[in-house]
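Can you make the complete structure from the sequences, with help from the hints?
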Amino acid sequence: MAVSAAVALPIAVGITCFTLKPFGRMVEQIKAQEVDWERAPT
Amino acid sequence: MLSLVLGLSQVDRNILSLLLQSIKVDLKFSDAQMGLLIGLAFSCVYLFLSFPLSRLSDSRSRRGMIAIGVAVWSLSTAACGLARSFWPMFVARAGIGAGEAVNGPATYSLLADSFPRERLPRAMAVLNVGFIGGTALSMILGGLVIGALKDVHLHLPVLGAVHTWQLVFFAIGLPGLLVAALMMTVTEPARRGLGDHAGRTAVPIPEVFIFLLRNFRLYGCMFVSIFLTGVVTYGTLNFRAAFFQRTYHWSPQQYGVVSGLVSLAASPLGLIAGTWLCERWNAKYHDANLRVGLVANVLAIPFAVAGPLMPDAWLSVACVAAGSACVLMAAPPVAAALQTITPNRVRAQVNSLYLLLFSGITGIIGPGSLAG
Chain L
1 MAVSAAVALP IAVGITCFTL KPFGRMVEQI KAQEVDWERA PT
Chain A
43 MLSLVLGLSQ VDRNILSLLL QSIKVDLKFS DAQMGLLIGL AFSCVYLFLS
93 FPLSRLSDSR SRRGMIAIGV AVWSLSTAAC GLARSFWPMF VARAGIGAGE
143 AVNGPATYSL LADSFPRERL PRAMAVLNVG FIGGTALSMI LGGLVIGALK
193 DVHLHLPVLG AVHTWQLVFF AIGLPGLLVA ALMMTVTEPA RRGLGDHAGR
243 TAVPIPEVFI FLLRNFRLYG CMFVSIFLTG VVTYGTLNFR AAFFQRTYHW
293 SPQQYGVVSG LVSLAASPLG LIAGTWLCER WNAKYHDANL RVGLVANVLA
343 IPFAVAGPLM PDAWLSVACV AAGSACVLMA APPVAAALQT ITPNRVRAQV
393 NSLYLLLFSG ITGIIGPGSL AG
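Order-wise, the sequence lines are chains L and A. For the first sequence, position 14 matches number 14 in the numbering used here, and the numbering has no gaps at all. For the second sequence, position 248 matches number 290 in the numbering used here, and the numbering has no gaps at all.
A couple of the hints might just be wrong.
Chain L is faced by these chain A residues, among others (derived, beta-carbon under 7 Å) [unchecked claim]:
| hint | residue |
| --- | --- |
| 1 | Val266 |
| 2 | Leu270 |
| 3 | Val274 |
Non-contacting residues of chain A with respect to chain L, defined by C-beta distances greater than 12 Å in every case (computed) [claimed, not checked]:
| hint | residue |
| --- | --- |
| 4 | Met76 |
| 5 | Gly81 |
| 6 | Ser103 |
| 7 | Phe132 |
| 8 | Gly185 |
| 9 | His195 |
| 10 | Thr206 |
| 11 | Leu216 |
| 12 | Ile247 |
| 13 | Ile314 |
| 14 | Ala330 |
| 15 | Ala379 |
| 16 | Thr382 |
Straight-line alpha carbon distances no greater than 30 Å define the calculated DSSO-like cross-link-like pairs of lysine-lysine that follow [said to hold, decoys possible]:
| hint | chain 1 | residue 1 | chain 2 | residue 2 |
| --- | --- | --- | --- | --- |
| 17 | A | Lys326 | L | Lys31 |
| 18 | L | Lys31 | L | Lys21 |
| 19 | A | Lys192 | A | Lys66 |
| 20 | A | Lys326 | L | Lys21 |
| 21 | A | Lys326 | A | Lys192 |
No lab work stands behind these hints: they were computed from the structure. Each residue gets a CB set at the ideal place from its N, CA and C atoms; glycine is no exception.
Have a look at this one:
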C-alpha cells in the first residue's frame, strides 16, 4: 500500500501540474465570454 | 435535496451487506452467489448504463431523470425483499444499479446550473456530505431497522411468512418513492453555457469525444490524475480492514467502529478546508480549483505512504484520518472544475466518464493494484 501510494500520488501530482495552464486559460476564456454576453445589447 | 438523494442511494446500495448472513441462511445462497449479488449485479449494470443514461440527462429534464432513478432503485430495493431465489435477487440488484447510474451525472450537471461558478465547490462539498453521511447512515440506519424489525412476524397473503431481512428491504426501499416525489418539487434550472449547442437537444456521441480529444491535454491529464488518486483511494479502502487485522491484530468490529468515526470526523474537515481555500484562491487565480487539488494531493502523499508503515495502530489511524481529509479536500474543487469547463449539453456525459473512472474502474483495478 505504501509503495503504491508513493508511486501513484506523485505521478498524479505531476500530471495535475500540466493541467493548470490549460485549465486557467479555459476559465479565463469562459469568464471573458460571460462579460461579453452581459455587455451585449439586448 | 440532492444531498439527501445521494445519501439515500448509498443506504440502498449498502444495505445488502448488513443482511448477507440472514439471506444466505434463508435462501441457501453460496458465498460466490452472495459475492455476485454485492458486486457484479450492481456494478455491471451501473457501468454499462451510466453513459447512455447521462446522454438523456444532457437533453431532458435532469430533475425528472433523478426522480425516475430514485423510484427505480427504491422499487428495486423493495423487490429484493420479494426475491425467493438467486436470479430474481440478481435482477433486483441490477435494478438498483440502473437507478443509481442516472444519479451522479445528472446531479452534477444540475448543481452546475444552480450555483454561480465561484460557489460551486461549496455546493459540491455539501453533496459530498450526503455521500459520506449516507454511507455511514446505511450502517447505522440499517442496524436500527434490523433491530426494530427483528421481533416482527408477518404473514402476508401472497408472500406467506415474511422474514426480517425482507421487511428491512421494504422499510428501506419503499420510502424512497416519497423522496422521488419530493425530487419533482426541485426547480429545474435553466441550462447555462450552451455555447454552440444552443437550440439542440442531444449532441451526437462522436462530437462528445471530438470535444474531449480537442482538449486532450486538459481532460486527458485530469482523468489520468483522477484515476491514479482513485486507484490509491479505493485500493487502500478495500485492503485497510484486512491490513489492520494482520498487522495490528484488530478485530473487524474494532476497525469498523474506529474507521467509521474517523471518517465522520475527518471528512468534513477536508471538505471545508478544500472549499474555503478554493473560494479564497478563486479571486486570485483562474486555475484555483486545480491548484487546491494539487495542494491536497501533495499533502496526502506523506500520510498515505507513512500510514501502512506505522509501528502502532493508532498512529496508523491518525495517518489514515489526515490522508482522508487531504484527499477529500481535493474532491469539491476538482469536481467543480470539471463542471466549469464542460459545455452544458455534454456535461452529464463527461461526468459519467469521470464517475466511471473514479468509482467504477478504479473500484475494480484499485484493490488488485495494491495486493501484496
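Now the hints, each set against the structure:
no.	hint	verdict
1	Val266	holds, 5 Å
2	Leu270	holds, 4 Å
3	Val274	holds, 5 Å
4	Met76	holds, 26 Å
5	Gly81	holds, 21 Å
6	Ser103	holds, 24 Å
7	Phe132	holds, 33 Å
8	Gly185	holds, 29 Å
9	His195	holds, 46 Å
10	Thr206	holds, 37 Å
11	Leu216	holds, 41 Å
12	Ile247	holds, 22 Å
13	Ile314	holds, 22 Å
14	Ala330	violated, 9 Å
15	Ala379	violated, 7 Å
16	Thr382	violated, 6 Å
17	A:Lys326 <-> L:Lys31	holds, 14 Å
18	L:Lys31 <-> L:Lys21	holds, 15 Å
19	A:Lys192 <-> A:Lys66	holds, 17 Å
20	A:Lys326 <-> L:Lys21	holds, 14 Å
21	A:Lys326 <-> A:Lys192	violated, 57 Å
Violation of the numbered hints given earlier is confined to hints 14, 15, 16, 21; the remaining hints are satisfied by the structure.
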